[in-house]
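Asker: Spelled out from the first residue to the last, the chains are:
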Amino acid sequence: MKHLMGAGVSLAVFCLMGGAALAADCGITSGKVAILSNDFEALRVLADAAKECANEKVTVTANQTTEHKNLQVPALTVNPAQYTVAFVANNSIAPLLSADLVRPLDDLIAKYGQELQPNQLIKVDGKTIAIAFDANSQHLFYRKDILDKAGVQPPKTYEDVLAAAKAIKDKGIMQYPLAAADKPGWDLGAEFVNLYIGEGGDFFEPGSAKLAITNDKGVATLKLMKALTAYMPPDYLSYDADAMKAAYNSGKVAMMDGWGSYANDVINPKSSSPEIASNTVLAGAPTIGDNGIPAASLWWDGFSIAKNISDQDATASFQAMMHALDPSVAAAHPDAAPWLMKGFKPGPAQVGVMLTASSPKAKAYPMLPYMGLLHTALSNEIGDYLKGSKDEAKTLSDIEAAYNAAAKEGGFL
Amino acid sequence: MPHRTFLMFILPSLLAMLVFIAAPVVSVAIQSLFVAHDKVMVSVQSCGPFGCTTDVHVDTKATEALQKQQPLGKFNGLGTYTDRNHLAFAEIGAILSDNSGLGDVAVRIYALPFYRALSFTLVYTFVVTPLAMLLGFVIALSVNAVSPWIKGPVIFFSLLPMIITPIIGSLIVYWMIDADAILGSALQDLFHDPNLYLKASPVLTWIVLLCYGVWTNGPFSFVVFYAGLQMVPKDTLESAMIDGANRWERVRFVVMPYLTPLATFVALVQLMDNFRVFEPIVGFNAQANASSLSYSIYSDLNGQFSQLFSSAAATSMLTILGVIILLIPVLMRTWREFNLKAA
Numbered sequence: 001m002k003h004l005m006g007a008g009v010s011l012a013v014f015c016l017m018g019g020a021a022l023a024a025d026c027g028i029t030s031g032k033v034a035i036l037s038n039d040f041e042a043l044r045v046l047a048d049a050a051k052e053c054a055n056e057k058v059t060v061t062a063n064q065t066t067e068h069k070n071l072q073v074p075a076l077t078v079n080p081a082q083y084t085v086a087f088v089a090n091n092s093i094a095p096l097l098s099a100d101l102v103r104p105l106d107d108l109i110a111k112y113g114q115e116l117q118p119n120q121l122i123k124v125d126g127k128t129i130a131i132a133f134d135a136n137s138q139h140l141f142y143r144k145d146i147l148d149k150a151g152v153q154p155p156k157t158y159e160d161v162l163a164a165a166k167a168i169k170d171k172g173i174m175q176y177p178l179a180a181a182d183k184p185g186w187d188l189g190a191e192f193v194n195l196y197i198g199e200g201g202d203f204f205e206p207g208s209a210k211l212a213i214t215n216d217k218g219v220a221t222l223k224l225m226k227a228l229t230a231y232m233p234p235d236y237l238s239y240d241a242d243a244m245k246a247a248y249n250s251g252k253v254a255m256m257d258g259w260g261s262y263a264n265d266v267i268n269p270k271s272s273s274p275e276i277a278s279n280t281v282l283a284g285a286p287t288i289g290d291n292g293i294p295a296a297s298l299w300w301d302g303f304s305i306a307k308n309i310s311d312q313d314a315t316a317s318f319q320a321m322m323h324a325l326d327p328s329v330a331a332a333h334p335d336a337a338p339w340l341m342k343g344f345k346p347g348p349a350q351v352g353v354m355l356t357a358s359s360p361k362a363k364a365y366p367m368l369p370y371m372g373l374l375h376t377a378l379s380n381e382i383g384d385y386l387k388g389s390k391d392e393a394k395t396l397s398d399i400e401a402a403y404n405a406a407a408k409e410g411g412f413l
Numbered sequence: 414m415p416h417r418t419f420l421m422f423i424l425p426s427l428l429a430m431l432v433f434i435a436a437p438v439v440s441v442a443i444q445s446l447f448v449a450h451d452k453v454m455v456s457v458q459s460c461g462p463f464g465c466t467t468d469v470h471v472d473t474k475a476t477e478a479l480q481k482q483q484p485l486g487k488f489n490g491l492g493t494y495t496d497r498n499h500l501a502f503a504e505i506g507a508i509l510s511d512n513s514g515l516g517d518v519a520v521r522i523y524a525l526p527f528y529r530a531l532s533f534t535l536v537y538t539f540v541v542t543p544l545a546m547l548l549g550f551v552i553a554l555s556v557n558a559v560s561p562w563i564k565g566p567v568i569f570f571s572l573l574p575m576i577i578t579p580i581i582g583s584l585i586v587y588w589m590i591d592a593d594a595i596l597g598s599a600l601q602d603l604f605h606d607p608n609l610y611l612k613a614s615p616v617l618t619w620i621v622l623l624c625y626g627v628w629t630n631g632p633f634s635f636v637v638f639y640a641g642l643q644m645v646p647k648d649t650l651e652s653a654m655i656d657g658a659n660r661w662e663r664v665r666f667v668v669m670p671y672l673t674p675l676a677t678f679v680a681l682v683q684l685m686d687n688f689r690v691f692e693p694i695v696g697f698n699a700q701a702n703a704s705s706l707s708y709s710i711y712s713d714l715n716g717q718f719s720q721l722f723s724s725a726a727a728t729s730m731l732t733i734l735g736v737i738i739l740l741i742p743v744l745m746r747t748w749r750e751f752n753l754k755a756a
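Taken in order, these protein sequences are the chains called A and B.
The numbering of the first sequence is this note's numbering, which starts it at 1 and goes up by one.
The numbering of the second sequence is this note's numbering, which starts it at 414 and goes up by one.
This list has only true hints and no planted wrong ones.
Pairs of lysine-lysine residues, derived as DSS-like cross-links and limited to a Cα-Cα distance of at most 27 Å, are as follows:
(1) A:Lys408 - B:Lys474
(2) A:Lys210 - B:Lys487
(3) A:Lys166 - A:Lys149
(4) A:Lys210 - A:Lys394
(5) A:Lys210 - A:Lys123
(6) A:Lys210 - B:Lys474
(7) A:Lys361 - A:Lys217
(8) A:Lys156 - A:Lys252
(9) A:Lys210 - A:Lys361
(10) A:Lys342 - A:Lys361
(11) B:Lys481 - A:Lys307
(12) A:Lys408 - B:Lys481
(13) A:Lys408 - B:Lys487
(14) B:Lys474 - A:Lys123
(15) A:Lys127 - B:Lys481
(16) B:Lys474 - A:Lys127
(17) A:Lys307 - B:Lys474
(18) A:Lys166 - A:Lys156
(19) A:Lys144 - A:Lys166
(20) A:Lys394 - A:Lys226
With the Cβ distance kept under 10 Å, some of the chain A side facing chain B (calculated, not the full set):
(21) Asn90
(22) Ile122
(23) Val124
(24) Gly185
(25) Gly207
(26) Lys363
(27) Leu368
(28) Gly372
(29) Leu373
(30) Leu386
(31) Glu409
Hints in this document: simulated from the structure, not taken from any laboratory.
In this text, a Cβ means the ideal position worked out from N, Cα and C, and glycines have one as well.
Let the hints inform the model, and build the full structure from the sequences given.
Answerer: Written out as structure tokens, the structure is:
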């Protein structure tokens, strides 16, 4: 009986402690925290951590959806805004900035942001408008076993990738060793952006929204995209990034330029097939020739605080996010993302992104208000080129015409 | 019914139509004449985890001032309608004045986004509508002929394509025609062609989309025609039998004349529906090979973080115009029949 009571008491103490740990002290007196974010693992980790700040005076809610981009502008335009925190990336912050919907964070950082690293601050015109917490990029995933069988060295450049693909195909190991996310929509545009960055090209004339891709680099990018499709299954135009990952996980692909945020799923021995997981090597994004520029755009994920909310809610939101961005959260979830928080040591799933981002010549996806229009034009016009119904010069002039029409409508030209 | 009573009777639905249909159409029409203000741009330095760059950003204060003056945007007249992403007058003019034959003209016009979308929309409308009506009619005749005790299950089975949500139906078929899936690999075996990918070639994709359209639209015609068949007078059919008419002749000379008004109604509804084809393109991931007017509107409004409202509004107005043009022959026919009866 005595033992039983002792056990009961310790159980009660344990529960109390557990309860205390759940309702973390974030230093918030009161307020409303409402998060709008995209939906992937790293963002779920942070939203869950922010929710720990909830108590009877502080409400924390999160809407995590891949449709966030359609919600963010209308939801932050109304006053008071529907969400106090918007998780953003290089591209999704542009419409919020153009409509002046996020607030400068410098005062809040001075008060509550001591743990932040200088490179986490996203500054425009000297004002901090967002705080980044992780990095992402596309990079090379390859199957060591298949490359060994074909007797080729791990590829460093796209020329190597093509040669390796040819060797694999010629030896009859795989008919279609490559995969890319070439589905018109977001993915096809992103492929062009990555390779064009790898060619060292500039998208726009400096200081204006005038397009500048009609040049040798644009032609070379298109030619490379087409050369790669020779080693992909004939329906490559219906593959988006998720379909490409699924094809890789089912063992049908030897090399792909996949997202860093998918790496953990692919190399995790507990997931899908352990054999593929153990033979997958994550490498930096290949370069084109020996110019040393990784053919990938670098991305950051971060958060901004809405402008149209009370200062009290803004402070509460910032404090809740600081709790979520605590280095201990990153350390507890090392596989979720290459975190930018202080003292984070990247795990095996982040090697590819780290190798890509550490190159001094690597470039970020442009944080420009009219980049989205170009991205859409690229996606709509390149499909016909890959199918062979027009040549490079015609494709580039079509992209330019489609972009110009959209940019004129948007008031950028 | 006195006119006054009739008016009172339909007043609520008339009001609802004004508020929910007419007013939005007018607002979209107005929107299509305006474009966004010229943005005031400034060069600023922006910094992030990957270093600093000098970027061009929107000067929000100055742009907001412009916005306040003219909340609708900058008046553009019919400019959006005639630009490259819509009717493309300038581009068509250039193609017509300098080309190497009819084939070249067709290929180059097809490369323009609006005409690309219009071609598939029209083909879909004019192939799927008659074939789906024919399919529905055949099913209705067959169901009418089966013995009563299996009629229930047969009707349920025939209605399945309509019960399944279009996007789910198209996704299921899409997965089945994958080269590794049951239908895709069966076709590869059948034609001894390991490179036969239904999703790869534009022609095959169009055929798949059209077949799917017929399959999913058939049940609607079936339901209407089946109801119509119950109204065909038994005595006329029996007297035709006594006169020695075979089954086909009875269908041709008794059943079909009775169903003509219904067929006009079904054609009307189906033409309108099919002209707005959208779900199959998304469900079949067929964006690379097929586009439609509705899909262009969707992609304008669902662009990467930037919505082109004027462009979408212009395409919507053009779609409405297209529907009206499509319906004119059918409406004229109904009007003639109405006058004939009145006379």
